[in-house]
Amino acid sequence: MQQLPELEVIGSALQDNVRRLFKGSLAIRQIDTGSDNATEQELAALTNAYYDIERFGIHFVPSPRHADMLLVTGPVTRNMAEALKRAYDATPHPKLVVAVGDDAIDGGIYKGSYAVLDGVSQVIPVDYQIAGDPPSPLVIMQSLLAILDGAKKAPKQKGQS
Amino acid sequence: MSYLLWIIQIMFVPLVAPLGVGLINSLKARIQKRRGASLLQPYRNLWKLFYKDEVISRDASFIFRFAPFIAMGVTIIVGACLPIFTSTLSTPMSDLLAVVYTLALGTFFMALAGMDSGSAFGGSGSSREMTISAIVEASFISSILTVAFLSGTTNIAVMSAGLSPGSGNFLIPIVLAFAAFCIVLLAETSRYPFDNPDTHLELTMIHESMLLEFSGKRLALMEWAAANRLLIFSILAVNLFFPIGIAHDQAVLSVLLGISSTLLKVAIVYIVLAVLESTIAKYRFFRLPDLLLVAFVLNVVAIGLVL
Amino acid sequence: MMSALASPTMLIAAMALFGIGGVGAVLLRKSDRLANYWSSAFALFGSVTALVFAVSMLASGQTFVAQTTSDSFPLLSFALNIDRLAAFFLVTISIVTFFCSLYGIGYIKQYYGRYNIGYLGFLYNLFIVAMLLVVTSSNGIFFLIVWEIMSLASYFLVAYDRHDPENVKAGFLYLVMTHIGTAFILLAFILLYVHTGSFDFTVIQAAMPTVPAHIKDSVFLLALIGFGVKAGIIPLHIWLPAAHPAAPSHVSAIMSGVMIKTGIYMMIRLFLDVLQPAPLWWGIVVLVIAVASCVLGVLYALTEHDIKRLLAYHSIENIGIILLGVGSALVFSALGMSGLAVLALTAALFHTLNHAIFKSLLFLSAGSVIHATGTRNMEKYGGLIKLMPATGLFFLVGSIAISALPPLNGFFSEWLTFQALFQGIAQTDFYIKWLFIGVTAALALTSGLAVACFVKAFGVTFLARPRSQRAEKAHEASAVMIAGMAGLAVLCVAVGVGSSWIIAQLQTIAQGVLSAGDHATLVTVTSGHILSIAEGFATVSAPLLSLLLIAVPLVVWTITRFGINRSQRVTTGRTWDGGTDLTSRMEITSTGFARSIILIFRGLLKPSLQHSVEYEDAASRLIPRSRSVTLSVQDVYRRYLYRPVFIGFIHLSHWIKNGIQNGNINAYILYILVVLLVMLGLVGVW
Amino acid sequence: MNSPLLVPILITVIYLTSIYMHLAKKNNGVAGLYALQSVALVLLFVSSFLANPTVLLFLVIVVSIIVKVILAPRFFNRLVTRHKVKFTVSSYANTPVTLIVIMFITAFVNSDVFLPITDLSASNSTYVALAIAAMLVSIFLMVNRKSALSQIVGVLSLENSIVAFGIIAGLEQSALLQLGTLFDIFVWMLVATVFVSMVYRHTGSLVVTTMRHLKD
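Chains as they are written, first to last, in my numbering: chain Y, 1 to 161; chain C, 1 to 307; chain S, 1 to 686; chain X, 1 to 216.
Heads up, a few of these hints could be off.
Simulated pairs of lysine to aspartate or glutamate, EDC-like, Cα-Cα distance not exceeding 20 Å [to be verified]: (1) K109(S) - D32(S); (2) K28(C) - D52(Y); (3) K606(S) - D198(C); (4) K33(C) - E54(Y); (5) K85(Y) - D577(S); (6) K380(S) - E472(S); (7) K33(C) - E8(Y).
Hints are computed from structural coordinates only; laboratory data are not their basis.
Please model the complete structure; the sequences and the hints are all you need to start from.
Next up, the structure:
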């Protein structure tokens, strides 16, 4: 219960940013490009009763077409590279790409393996990164806050680059 | 006054519908011991989607491009025909069959749009949606028909005027038909136990899997239309079968009473829906016809008792 | 002016034009092009002339009777009686033949050099003339002659594409079934002749009070079977899904659009006009058959993946819907509710007109698709709307109309049928009321399934990506073909918007048929073209409905496009495929689409699902080479009705060959003895 | 019809002979019975002649005696001896069943059903019925017997019964017609001889079931 105030503080700041940048609604499509599922567990924890990220206006969606933000996990296996590229293309602007976890940033413990492409940025332009192996839900939320703070300019232009 | 009423009548469904979705989601979150998103979250979602770009499949045709407008337009038309707060605003559009088939027109284009992009999900979603809506139509028509016979008109806008609320003879057929209509409501609006509106698994989706290809404004319209649909069916459920509080004249006070009673009754429906969705499991697809058969039998008995 | 147009000269002129077209086509058969243009052009002129004649007949409200009797053959007379009902059917036929002939000009080109075009033109014109005469004849013998000409001409047209053995088989089935029907009709007329002494409809009608009830009942059953075969009611329908697809598409359109309606016409003529008053059970029988036809027809349509067979099954369904009206009219008139009878008959007539329009539109557009892709198998279509947008649009219009969705014509006739049934529930007593409740539910189920079926038909054919190489190379239909389809599509919209006016006209016709006066007016058209049934029990306004359904989506579009976020950019990309390449095999197929409905109704359809896997390594069965799933539907009628009859016939003939005709003189003499005894006995009884 | 006792006796004889033809075990016996039947028929003619003597009728009587009483039975006996088919009189139904069927036919003919026919001669309707019964029994002989010879006899017996029926029912039959019939029988016998001989040569038997092989 120690963290609760912190969570609330981060959350309400996050909510403000979501309001400002995404009109109060941030839709996230999570893409697993060959992850070991550790990061997925942490992301899934975001929606549980404790973190309840939904109350801040953030929700997960079933299709990249509906998404504002792609959360990519995993080191991008060769088989998933094309899928990731297509998911990126399928997401309408404005969109943000966030690589979650060390694997996604540069391959992590899989770095250099012949089976992976060492990080999301090798395939699609990554806007932000969230480090950790895996990052805890609170870390993810903090990072999201930082990301949205950083993306003060209209994300649309960023996406259009 | 009449113009004002008409404006309320037309705007009511599209404006209130997202709130209803917010209410259900919020209640469900509460039941899951979460706080959940705010009641206004659906409005924010829609607003954001309107300001997003769109990606449309290169395989899709004009059907895909126009289906959202038709789906939305249909719910606006039907919404304006409902007995929302008064039984005095009648149009020739409010005919029972016209309403049912106009809604079916929306489903028709939505299902076509689902198939249009050639995605495997969209196609199977269309197939399931059409299966359910095909076999639910008989129950839909006949449950409202029960009330139509009681009130002597098939015009749903003025139907409640013909019902005398106090008479007990009508109670049993009305309750039976209402029970049947509730099943129809769940089926037509893709709620539990027919469909899971929150699912992210394509294989279990019915309605949502048709929407997977939509983005931006068109997605907003489709989701809005789905919310409208839910509200339309809820209003039908409460104001046809239990028209308590509905205004039979255009006096300010009775209109206000009508609006507030409708809001209250619809809220009850939404609360029940939320509880239902939190407590029961989705049915296996091929068990659904049994449920619809139950609705159908209830209707037949109800009509039989009316006359 | 009007009376000049309504004169019989016009009808004779129309017949003559068809005749010139037919004979000229034969004379010009050496040149495919000339024969085609000649026969189609004269068919067009003939249709226009017949249309003008019939419309002016309707407008002037007169009845035209012509009769030629010869002394040597007193029974055989060329007898025409064109009252409003006949004129209405003339209108329906000539509208459809007009657009089909127009379409035919382009469609026939694919037969150049392969078949004799002159022969086609001759049969085509003959077929139309025979149909026109069928609905105008008023003498049993003359009727049977033109009926037979119609059947034979259509048989030859069904078997026209004779290089495909399937078509020849279909033609044979059609020939057999239609002649079984004709035999029953013949029996019915003979029975009437025996008891009334005439084949003339008016004489028969006048003599009706003297005919005993059991004879009337027998005539009813015989005529129901006989005309039911032509109309395609279940279970006499089996020729229809085989024959309609086999014919050239513009002929399929005429067969499905209007030829099967001649059966309906004769049912209306006999049951509601000539044989009146009718007992209650006639109507109940017709209603039961109608329910079976419409529900099973649409279910079988759902199982089809041959586009023309699908449409043919929908004809069965729609015949069922029309017969719902006819059956209700019979029930109401037997109960003495003439107003309701008029309402029900009006619904039946309106649906007849509408079905003629949208079904021929659908057959014509299906014809363009087949022309462009070379196959009738819907699983090989896909994505055609981008390659043939006009055809796709017309098929969409037809689909909306046949699914009874507003604001097109199909909705309004189904609406009217529903109203007749609603009134049946409201105003009849206990048992009949329950019947009507069941019938209403059946109609609602039918229309729901029809929507699903046309989502399937349109979606699988025109949407998504092409599923075969032929479909990728499909091309738009030629200009005349598009013109033919466009005309019918416009009619779908126009008849829908103007439905209140048309219904009012049809009500007059129905009143004439049922000899009901103006007091029996249940449908009223109030100001603003609002249709009102039974003093406001149900009201609908076709123009308003059409206007709203077009305007509101447009307003929504305008607001979302220009009102909000005007700077939005729309890009096209690939379909979201989850990373795997989408092949055409991942799209939903026709079979897959209907699978769940088929399984829900498995008790009725008796589907058989077969999985078969072929393995690369037969021993260990680890690596499959191919997997296939076959979902087929048993033909219940062939299996449980026709096959036993057929086997019975074979046994009978075996028995005749080996048992009766056994070469034993004793046996032959025994037959003589038995017959002698029976005959003597009969002499004694009489 | 001047002798009230004679006609009943004669018609009974005709009827009984047609029954006995069913029971006879030898072909010669059948031929003999036919001869007896023909005698009875001739006597019927005679009684008719006494009542109404005409030259033609006399001629009929003479020719009848020649053809029916003498020629036909002899011809039969010759056929039987030539083809050695003395005992080939097997029948489909056994004797009791045969008798039951005959009984049924007789009862049927005597029932109300036949009233309109038997009323042709109201005074002796019983005898008319008996003549009809004889006709039907003769046809049944053809049905029941397997041998082709019995069928020939059956036809002849049938012809006898019809003539008897005509006389008793008082139907005017021209004597010329009678002569024609007799001539017909004569020709028929000749043809039958050739036919039976040919069949016999082919199949070695006169049992009609074996003629099935002749079917195409």
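Numbered hints the structure breaks, given as an ascending list: As far as the earlier hints go, only 3 is violated by this structure.
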